[in-house]
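Chemist: Below are the chains, spelled out letter by letter.
There are 4 protein chains.
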Amino acid sequence: MQNGAETPRLRMTEASETGRIEAFSDAVMAIAITLLVIELKVPHVDADHPSLGRALLESWASYLAYLVSFWSIGLAWMLHHNMFKLIPRADHVLLVLNTLFLLFIALVPYPTAIVAEYLESPGEQRTAMLIFSAMWLMVAIMINLLWWSARRHHLVVPGLDARVLRGITRRYLVGLLLYLLALALCLVSFEATMVVYVIVGVYYTLPGPDRIALAFRAPADLAD
Amino acid sequence: MQNGAETPRLRMTEASETGRIEAFSDAVMAIAITLLVIELKVPHVDADHPSLGRALLESWASYLAYLVSFWSIGLAWMLHHNMFKLIPRADHVLLVLNTLFLLFIALVPYPTAIVAEYLESPGEQRTAMLIFSAMWLMVAIMINLLWWSARRHHLVVPGLDARVLRGITRRYLVGLLLYLLALALCLVSFEATMVVYVIVGVYYTLPGPDRIALAFRAPADLAD
Amino acid sequence: MQNGAETPRLRMTEASETGRIEAFSDAVMAIAITLLVIELKVPHVDADHPSLGRALLESWASYLAYLVSFWSIGLAWMLHHNMFKLIPRADHVLLVLNTLFLLFIALVPYPTAIVAEYLESPGEQRTAMLIFSAMWLMVAIMINLLWWSARRHHLVVPGLDARVLRGITRRYLVGLLLYLLALALCLVSFEATMVVYVIVGVYYTLPGPDRIALAFRAPADLAD
Amino acid sequence: MQNGAETPRLRMTEASETGRIEAFSDAVMAIAITLLVIELKVPHVDADHPSLGRALLESWASYLAYLVSFWSIGLAWMLHHNMFKLIPRADHVLLVLNTLFLLFIALVPYPTAIVAEYLESPGEQRTAMLIFSAMWLMVAIMINLLWWSARRHHLVVPGLDARVLRGITRRYLVGLLLYLLALALCLVSFEATMVVYVIVGVYYTLPGPDRIALAFRAPADLAD
Chain A
439 MQNGAETPRL RMTEASETGR IEAFSDAVMA IAITLLVIEL KVPHVDADHP
489 SLGRALLESW ASYLAYLVSF WSIGLAWMLH HNMFKLIPRA DHVLLVLNTL
539 FLLFIALVPY PTAIVAEYLE SPGEQRTAML IFSAMWLMVA IMINLLWWSA
589 RRHHLVVPGL DARVLRGITR RYLVGLLLYL LALALCLVSF EATMVVYVIV
639 GVYYTLPGPD RIALAFRAPA DLAD
Chain B
439 MQNGAETPRL RMTEASETGR IEAFSDAVMA IAITLLVIEL KVPHVDADHP
489 SLGRALLESW ASYLAYLVSF WSIGLAWMLH HNMFKLIPRA DHVLLVLNTL
539 FLLFIALVPY PTAIVAEYLE SPGEQRTAML IFSAMWLMVA IMINLLWWSA
589 RRHHLVVPGL DARVLRGITR RYLVGLLLYL LALALCLVSF EATMVVYVIV
639 GVYYTLPGPD RIALAFRAPA DLAD
Chain C
439 MQNGAETPRL RMTEASETGR IEAFSDAVMA IAITLLVIEL KVPHVDADHP
489 SLGRALLESW ASYLAYLVSF WSIGLAWMLH HNMFKLIPRA DHVLLVLNTL
539 FLLFIALVPY PTAIVAEYLE SPGEQRTAML IFSAMWLMVA IMINLLWWSA
589 RRHHLVVPGL DARVLRGITR RYLVGLLLYL LALALCLVSF EATMVVYVIV
639 GVYYTLPGPD RIALAFRAPA DLAD
Chain D
439 MQNGAETPRL RMTEASETGR IEAFSDAVMA IAITLLVIEL KVPHVDADHP
489 SLGRALLESW ASYLAYLVSF WSIGLAWMLH HNMFKLIPRA DHVLLVLNTL
539 FLLFIALVPY PTAIVAEYLE SPGEQRTAML IFSAMWLMVA IMINLLWWSA
589 RRHHLVVPGL DARVLRGITR RYLVGLLLYL LALALCLVSF EATMVVYVIV
639 GVYYTLPGPD RIALAFRAPA DLAD
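Residue numbers (the numbering used here), protein chains in the order written: chain A, 439 to 662; chain B, 439 to 662; chain C, 439 to 662; chain D, 439 to 662.
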């Protein structure tokens, strides 16, 4: 069989399952990241906003929310993709957890629109930021559950260095703790929360042990 | 030829057709599942909804409809994908039936929005639920027709155990009957219908004989 | 090189170009066909539409436009895909013509929404139908131009039976003539135009010589 | 390994990384180009616009903005794809730059909608055109940064003729300069800016040295 791309071959129950999961997950993440733009509304010029330039400047909350969500989905895509490179096999639990992960990713445009709408409304800012942060915390929890479940059910590619594995686990946990901190800081101030999102963005934009793990593996190991 | 992914090779009339059908179907399902979020409207805070938190809580029908539709498309994707792994060849009837299947999948966001809008309106709740349930029944009917047509036209991979085949047929039929029940229960109460959707969700989230069928096949059989 | 799916190999100037064109075209068609649902608006129940059931029935023009456009994009996808299976190489003219083809496909939701809005408004029905029909005529013209340009620039796979080639050319031309007829009939009546769309739908849903051409080719010929 | 499409094999740290980047980038570009249609609003016929035909003609700014953005994303897709064919390896900087490139591509529908809304409003036309042109300039800057970073970090496929490399660099720079000119001309007149967009469209629609570079390479060189 030479046209594997067309009629995928199967070996074991769930082996090769992850290629299919990855393709579907990548599609959902690409769509969610591109759909964010739909929530950016063209401002209307009227008595309150006498010029388009001013009206656009006053939409800064929309652009900030767009930026944070775009970058965060981009990072989630990278984390997810690197993780599944280390997971050649999937079981049913992983499939279900991954669908839950996608549920929260696909939801991102909604809390993003809520933040864009209510970030400047003093009475509702906190609620909007809490919803936004709760959603990102759920994404981080799902990433950790995926990894934890894959390790527990022996789905991770064998022969990885124990220190590298611990490094990856730690990297995912740091994200979860930072998002938990962001959620808590919603009660303090919007600015403090945003500082955490910038830290998360910088932290995951830098290369981590998940990429290093891939580097240390010889091709023969990864060809399953 | 080694880059099958780029210029797919052809062997027989319809052989390898299903790879192409699957890719297009997967794209439509990924887009439909992610577009659901567009129907979630940011609530407006006004005299009736004095706080964002309250306004969000009052949108529970939207979230419920989102959850049911998201999970159901996710399950339809799994069922469809597992089915086409057992169908290496396609004929014209299968192509047409699959396009009808996609028509109802692509439609999902519309009845979902109708339910979100009218679930709390006493006079219209029943109509909204009937439309929603009729659409899912059509999805279930198309799944059954696809399988029935593939078996009748000898498109299913040969050598599958008869009991496994019957198990798969039964699994698809159970879904159809449950969706028929959900449609009938719309006339009784919204809560009863929802219980059926939860049962469908749990039933298909558990692994079924379609996955088991794949497990029992050796690679050589499936390499067409 | 064994992982062709990741780092596509190149041979000649434009050889293998079509795999890339096909993937991008398939994505645009899958998105356009799924975006159609966004134009279906949840009806509002008010004094004019005292019940949801009645309001939905009165939206029949939306559903009709949705059905015609969904099925037509589905057929365009099939025609496009079958055509590019016979075109292993692409030149710059083909790339530009294909982008124009995609421009009209991506536009489909707009005239579809215009028809849905104005089909029942006596003064504007004709204008709406003319725009809708003009767009589908452009799609048909682009399909014919793609094929004509591919044949003229010797991009079609060699060794095809002349009668089969003529059959394919005729099949594309019939569509163009039918869409031209549909455009002309807009001036007569909406119903007459719709009959032509049903004829087009049935004609292309039946298998044609493009599929037969594929059947007669041995794998060795198509492996470029 | 024959099913490369399913469980991608890894060789070096970042080798084969670009296949994954390309697939995600292609998906985002396909979605952004197809989402443009959502910003085309069905015109409402009222006292000001007594007929649908007239109302549509008066929406010319929307169609112009749609055309420019559709064609420009199409060209960006071609440029991006040809560039990554010459970049078999990726490093972290390239990944981050590419995500920034996608951020501006995914944003395209928003400035397009702003232009469509304000092109005919004398006081705001200039602001709208400035935003639109600034966004395209950012796309051009990212294209140039991607290429510059790939060359500097030795990610470009070795053995390319120095003149061809310079030709490609020049081709990207011409686009950046033209978009800079378009931005400056916003201050002069809308028509002058549009002439530059037509020139950019024609310039990149014609084949360039990036395609020629691919033609001169033997398959063995490109198989990494």
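Each hint should be verified, as a subset may be incorrect.
As the list claims (entries may be wrong) - Using 27 Å as the maximum straight-line C-alpha spacing, the simulated DSSO-like pairs for lysine-lysine come out as follows: (1) A:Lys-479 x D:Lys-479; (2) C:Lys-479 x A:Lys-479; (3) B:Lys-479 x D:Lys-479; (4) C:Lys-479 x B:Lys-479; (5) D:Lys-479 x C:Lys-479; (6) B:Lys-479 x A:Lys-479.
Just so you know, these hints were derived from the structure itself, not from any lab.
Chemist: All hints, please: hold or fail.
Modeler: Results for each hint:
{"no.": "1", "hint": "A:Lys-479 x D:Lys-479", "verdict": "holds, 13 Å"}
{"no.": "2", "hint": "C:Lys-479 x A:Lys-479", "verdict": "holds, 19 Å"}
{"no.": "3", "hint": "B:Lys-479 x D:Lys-479", "verdict": "holds, 19 Å"}
{"no.": "4", "hint": "C:Lys-479 x B:Lys-479", "verdict": "holds, 13 Å"}
{"no.": "5", "hint": "D:Lys-479 x C:Lys-479", "verdict": "holds, 14 Å"}
{"no.": "6", "hint": "B:Lys-479 x A:Lys-479", "verdict": "holds, 14 Å"}
Checked against the numbered hints above, the structure violates none of them.
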